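J.: Protein chains in written order, with this note's numbering: chain E, 1 to 322; chain Z, 1 to 322.
Calculated from the structure, these hints are not laboratory results. Note that the structure is predicted; figures quoted are calculated from it, not measured. Zero decoy hints are in this set.
Heads up, the list lumps identical chains together, so a pair's fine if it works in one copy or across two of them.
Straight-line Cα separation of at most 30 angstroms, DSS-like style, residue types lysine-lysine; simulated pairs:
#1 K195 <-> K218
#2 K248 <-> K218
#3 K41 <-> K31
#4 K34 <-> K88
#5 K195 <-> K78
#6 K195 <-> K88
Number of protein chains: 2
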Amino acid sequence: MLTLAALSLRLRASSCQGSWRSIATVVSGNKTSKLVRERLKKEVDNMRTQFSGFRPSLVVLQVGDRDDSNLYISTKLKAAAEIGIDAKHVRLPSSATQDEVLQSIMSVNDNLSVHGLIVQLPLDSVNAIDNELVTNAVSPEKDVDGLSCINAGKLSRGDLNDCFIPCTPNGCMELIRQTGVSVAGKHAVVIGRSKIVGAPMHDLLLWSHATVTTCHSKTPDLPQQVGRADILVVGAGRAEMVRGEWLKEGTVVIDCGINHVPDETKASGKRVVGDVHYASANQTAAYITPVPGGVGPMTVAMLMENTVRSAQRFLLKNQQHR
Amino acid sequence: MLTLAALSLRLRASSCQGSWRSIATVVSGNKTSKLVRERLKKEVDNMRTQFSGFRPSLVVLQVGDRDDSNLYISTKLKAAAEIGIDAKHVRLPSSATQDEVLQSIMSVNDNLSVHGLIVQLPLDSVNAIDNELVTNAVSPEKDVDGLSCINAGKLSRGDLNDCFIPCTPNGCMELIRQTGVSVAGKHAVVIGRSKIVGAPMHDLLLWSHATVTTCHSKTPDLPQQVGRADILVVGAGRAEMVRGEWLKEGTVVIDCGINHVPDETKASGKRVVGDVHYASANQTAAYITPVPGGVGPMTVAMLMENTVRSAQRFLLKNQQHR
Chain E
1 MLTLAALSLR LRASSCQGSW RSIATVVSGN KTSKLVRERL KKEVDNMRTQ
51 FSGFRPSLVV LQVGDRDDSN LYISTKLKAA AEIGIDAKHV RLPSSATQDE
101 VLQSIMSVND NLSVHGLIVQ LPLDSVNAID NELVTNAVSP EKDVDGLSCI
151 NAGKLSRGDL NDCFIPCTPN GCMELIRQTG VSVAGKHAVV IGRSKIVGAP
201 MHDLLLWSHA TVTTCHSKTP DLPQQVGRAD ILVVGAGRAE MVRGEWLKEG
251 TVVIDCGINH VPDETKASGK RVVGDVHYAS ANQTAAYITP VPGGVGPMTV
301 AMLMENTVRS AQRFLLKNQQ HR
Chain Z
1 MLTLAALSLR LRASSCQGSW RSIATVVSGN KTSKLVRERL KKEVDNMRTQ
51 FSGFRPSLVV LQVGDRDDSN LYISTKLKAA AEIGIDAKHV RLPSSATQDE
101 VLQSIMSVND NLSVHGLIVQ LPLDSVNAID NELVTNAVSP EKDVDGLSCI
151 NAGKLSRGDL NDCFIPCTPN GCMELIRQTG VSVAGKHAVV IGRSKIVGAP
201 MHDLLLWSHA TVTTCHSKTP DLPQQVGRAD ILVVGAGRAE MVRGEWLKEG
251 TVVIDCGINH VPDETKASGK RVVGDVHYAS ANQTAAYITP VPGGVGPMTV
301 AMLMENTVRS AQRFLLKNQQ HR
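Chain E extracted, bound-state conformation (with noise of 0.2 angstroms):
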């Protein structure tokens, strides 16, 4: 599977970490977002003196006030603020009803001047509100989550010029793209079916021509399933479930973990892991993603992504209509 510049790299890799048992390239997803995030600031000035001060635009739908939540709406917003995105924090409190809910994402459906709009999950309300039905009012043309049923059907379905991806996995294929090792003809396996991790995995790496596994909780031979893997892909939400014994030599390993385990070497008292042991995953793998500074940086710089594509179909659309 390596190419000579590739293992020439890995080598250099590894001799730069001052250990020759440690042999996995790291795939940083630090790095790549940083490329990708100055891509399209690039492309959002393009457009800005192109289209006279047109601006790509984003709301923030939250309800309620979960501290993870605001965690993570103001690290997309600093995102888009960095860009160039037009990025709203929309809030609603946590009394809000489900036709409330309803109601702002109508309003923002409605308007042009809006391109993305996601409905940051869970919904911290005392109110009993059906998730599907708020993630599927999101008109699908905004859905820059991709987490609607018509842009999951288009997906899976092979459809993917005609939809939105959603972001995470998005970025675990930027991430393989990053290695070289191209995903056609390869085996790749997947651990885990969510609707925002393993589902769209699994779809993307078929439609990029792999033959592709997905294992789940219900798998009864995971070490043999992992095993046969060229390209792995874990968003199995258990902390270092995968072991590197599990690995065939020359994998790539993409790891979407993100668990918290008691560390009292830490100021926090614990620290974040990945679903992948990655200190033995390390001495079989040939690239590899950290956790943290892996998959983690690269969801938020596809929303980014997302967004200005949108804006881009919503500016071809308003040329065409001219």
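Put chain Z on the given structure of chain E with help from the hints.
T.: Chain Z alone, transformed into the frame defined by chain E:
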């Protein structure tokens, strides 16, 4: 994988066929579809009694006059009539434009007395018609072929109770159920990723908790992938491509292929074969579907099933609104 009862069934089946080498139990679509149709007939009779003459209603929209379409449609109309479904054949001339086709669809969408609408593909029109647009114009609540993006999205993300499942893969699942082999925890391999067979088949097996591998024309090691299957579903469209030597002992083989190959011994000069080389697969598989008489008749039965389900949902909705 085999229970004692299933093993005894296989041995009996094998001895009935008068050969010890032929070990697979034949999973008959003719028999199973008959059972489904009989069950549906009873359900429709009950509906009629309970709701003063109510009948499920299906519209089959055809554009043009292709011989193969005519044959398929007449099979569907006949099955519907036998069950008590009120099926109507709407035929537009091959001179029909896209707008005329869309108008026809909208008028059926708006007709409250129709519960199912299918557009017979391929469209036989002298005008350019966008298949995707037409397929997605069918109201998701009447899309008993399960081919619209919304239904595909729900199926692919595991919302199986809230969608229509495409008829061929739904029929395959019914045949697998007939074997008594449980799907959960098994390794299923699907060959093909088409919108009407492979892709939704993957979804159904996955959400029945199998570990699923999807193979296709870009899979380099098809025999090895097939050799790992506990359950194999083939929708490749290539005559007798899968050989018995590839199979693991005891596999369930479901063959969706319908291929015409030259045969001088037949009056028509040809015969129908599947995507699986039956004579050799029969030696290794535990269960196998024949071609013809396997998946084929199930497709029509499942269309009837979806139409009856749609009518039931319609009745339920009407009761709730009272």
